[in-house]
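Student: Sequence:
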Amino acid sequence: MYQNRAIRECCIVSAPDDYRGETVKALVVLDEAARATTSADDIVGWARGAMASYKAPRAVVFVESLPRTASNKINWRLLQDAEWGRTA
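The sequence shown runs 184 to 271 under the numbering used here.
Among the hints, erroneous ones may be present.
[Unchecked claim] DSS-like, lysine-lysine: derived pairs with alpha carbons at most 30 Å apart:
#1 K208 / K256
#2 K208 / K238
#3 K256 / K238
Hint data in this document are derived by calculation from the structure and do not stem from the laboratory. Predicted, not measured: the structure shown is a model, and the values here were computed from it.
Model the full assembly from the supplied sequences, consistent with the hints where possible.
Tutor: Below is the structure:
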């Protein structure tokens with residue numbers, strides 16, 4: 184995902200899917216220059232061309248920032264738990 188110049192940082196999580204059980208979802212922080220011109224469909228389309236089909240996200244959500252751990256890593260567990268907690 185970081186090969187796309189519009190993406191400053193991202194986190195990939197699984198999300199509930201009625202058909203498959205779960206699907207790939209990307210939470211993306213866009214680069215300042217790309218915010219006005221990049222859509223979620225642009226990211227999904229690019230990913231389908233650049234990645235294996237099972238790795239490419241089916242959903243993209245733009246966020247202002249991603250939560251960090253004390254060691255400044257992206258706290259993917261917090262995002263993953265929040266995603267599945269919405270449907271529980």
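Student: Confirm or reject each hint.
Tutor: Structure-based check of all given hints:
no., hint, verdict
1, K208 / K256, "19 Å, holds"
2, K208 / K238, "10 Å, holds"
3, K256 / K238, "21 Å, holds"
When each numbered hint is compared with the structure, no violation occurs for any of them.
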